[in-house]
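Asks: Chains as they are written, first to last, in our numbering: chain A, 1 to 310; chain B, 311 to 785.
There could be a bad hint or two in this list.
Derived list of chain B stretches under chain A, where covered just means 3 residues or more per stretch with a C-beta under 8 Å from a C-beta of chain A [as the list claims (entries may be wrong)]:
(1) 342–351
(2) 622–633
(3) 656–669
(4) 763–770
Just so you know, the hints here were simulated from the structure itself, not pulled from any lab data. It should be emphasised that the depicted structure is a prediction, and the values quoted were computed from it without experimental measurement. Backbone N, C-alpha and C fix where the C-beta goes; we use that ideal spot for every residue, glycine too.
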Amino acid sequence: MLMYTIKRLLAGIITVWFIATATFIAMHQVPGDPLMNDKAVSSEIRANLERKYGLDKPVVEQYFIFLGNMLKGDFGISFTQQNRKVNDIIRDHFPVSATLGILAILFAALGGVMWGALTAIYRNRLPDIMIMFLVILGISVPSFVFAALGQLFLVNLNSFVGFSLIPVAGWGTLMHMIMPSLVLGLGTMALLTRLMRSSMLEVVNEDYIKTARAKGLSPMRIFFRHQLRNAILPVVTVLGPQIAAITTGGFVVELVFAIPGLGRYFVQAVQQLDYTVIMGTTVFYGAFLVFMVIIVDILYGFIDPRVRLK
Amino acid sequence: MVSTFKPSTFKPSPADFSPATSNVHVEQISRPSLSYWQDAWIRLKKNTRALISLYIVIGLALFTLAGPYLWQVDPALQDLNQISQSPAWPKTSILVGPYQRFTPVIREDFPAEPDEYLEDISPPQNIRIFEAPTTQHVRLVWDPVDGAGGYNIYRNQRLPEGINDLGLPLGSTLGGNEVSYEDRLNLESRDYYYSIVSTDGFDESYQYETIKVTPQLAITFDEALDRGLIQPNEDRALNSEIELEFHPFGTDYLGRDMLARLMQGARVSLFIGICAPFLFVMFGIVYGGFAGYVGGKLDQFLMRFADFVVALPFLLFMILFKIAFGIGPGESGVIPMLIALIILGWPSTARLVRGQVLQIREQGYIEAARLLGGKNHYLIIRHIIPNTMGVILVTLTFAVPAAIFTEAFLSFIGMGVAPPTPSWGSMCNEGVKTMLSHPHELIFPAVFISVTVLAFNLLGDGLTEALDSRMRSRE
């Protein structure tokens, strides 16, 4: 287990290096340069600016400076936001995105497991058909449409109760968080429901369930201890990659609901071609996702003893 | 007794050398043998959901390819007279002459300034419509009231519930004897409630009088000529009816025909949605097939590289590559999006194909073919690739909705195609802004995306079941 963890961590570090390099190369392929955004400047000012940002050095040297700074956890200064460090932007706005993402994942996992188990129990009966119809809808409808519909619903709800019960947009209180995390988690929840249903159906026919029944265990105990625990394994496996989907899905939800998260800043930076912010957030997000997947995989070992033995 | 064969007695005749025939009839209990694909097709046909999805996909292809020939409306043509029109049946309009200036009705028998200021002034009575109301102009006249120094005119789209619900303030007349008003402000063919409130020149009364007016759709000769509804040499009578442009799906915020835009948007969305998966699956086949077939150190190296590419955060790098390939924000970039999708999409197929190749390489029939003298390229083309085809087809079907989603997502956040090129995603982006007042601008592209993704997903499910031999044994 320890060897496995170390191996995965090493691979993760190499992956992050790969991401950083790919980001660096991609950003240096961009036509023009970061200073083109500014007003026309004389060549001296331009040379000064290039020296300030280290753009006058050869590309290889720039690459090693970039890597060195990254190791120190320094992503540089934003090009468009005066005197604002990329680190500050990440520190200020990442917690918002993380809160939103965690709520969405929680919602998706709980909902997915619950609905999936329910559909498996009511297989081919009305609840199953209804939920599976909603699941197909959840997989096929883009998240921005859900976001728009969610806002529409809130507008109607608030005008129905006569005061702002759940705010339509913005961030701050728990009430603000409900709708965005619901919308963000919806796609993942649909996926997990489908997965949970099929794995639950497989588990139901296993021998150990028959044994448990024959032993005379109560249905509740069979359901929670034997069926649910075994059926939940595939759900945990996809949770890692799904964190990535939720993180990027957050971009749209943050835009639509006007949430000051890192995703919105990333989109903004892309639109303004704010190079350091783009590079910093990409590497940060990349590293975050890589290590989240590793953590989920390691946790998986604790849930499933078969993995631990390998 | 040993009978011996005497060759001299054997006289062979040609009949002895004819092929032996058997007159034993074996009962045939076999069906005509089916190929893998024939079998899969039969099983797919039994799956109603998959079959309906297949028809939807064919229908979408027709909509995209043949649609623009059947519905020849320029998707980029802006018509600012018809912005955000809801879907409707063909509309007719009456032709009217050029605009004639309206001279306000002044009652000479009435003072412009009130003689004495009253505590409260009654609202104007007997409001009537002067001339027939059209969308060109609505003209109102009313009877003056004592003590009025002017009148304020409001317009609402529903019956006012009180003095604070009169709607849009249109204007006012300056003088108690000016008892008419002409409204030319963005008139549509719908019910309007005009309310008139008297003022004493300074303060407004608390009473109002309302009249309901339904203007008739009308366009002038010049406008009809401009829009090509009538020919220059055509002789049309005034007040005659003409047919307006037909917008079955309504128009968008610039008055562009939604149906034509949906068709053009389908070209972008489906082009990306089908081309990108097709290309990266092809690349994945070559890469994975090569790695799987070569094996050894090279295979290890190639697959390790694929692992790294998989680890790249997909959408972040989609955006990054889109910028890197020379397309800044706000520029249309179908090709960069395609390239970015291919660069990031291939590893999953490559892994899958490699796994399949490794598995199939060990199969008995490959061994047999090799023993029979099959060359490498023959083995790959004749045996290995056809046997991985089923899995690849399923991957392809599931990659299509993913690519359509990616395109829609990018266009929605403004990193996909840029105006004026429409795509379903960018149309959604525009539609969201007017979601409350004109929902059709969001609903149509969103429904098209959803139905397409749904159809490909269900088709993929059906294909998985039809092509998977394990599923077959389960029946």
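Asks: Hints first: check each against the structure and report whether it holds.
Replies: For each hint, the structure was consulted:
With 0 residues having a Cβ less than 8 Å from any Cβ of chain A, the region 342–351 of chain B misses the three-residue criterion, and the hint is violated. Coverage of the region 622–633 of chain B by chain A holds in this model, with 10 residues showing a Cβ closer than 8 Å to a Cβ of that chain against a need of three. With a cut-off of 8 Å between beta carbons, the region 656–669 of chain B has 0 residues touching chain A; three or more are needed, and the interface restraint is violated. Chain A is given as covering the region 763–770 of chain B, and this holds because 4 residues of the stretch bring a CB closer than 8 Å to a CB of that chain, at least three being needed.
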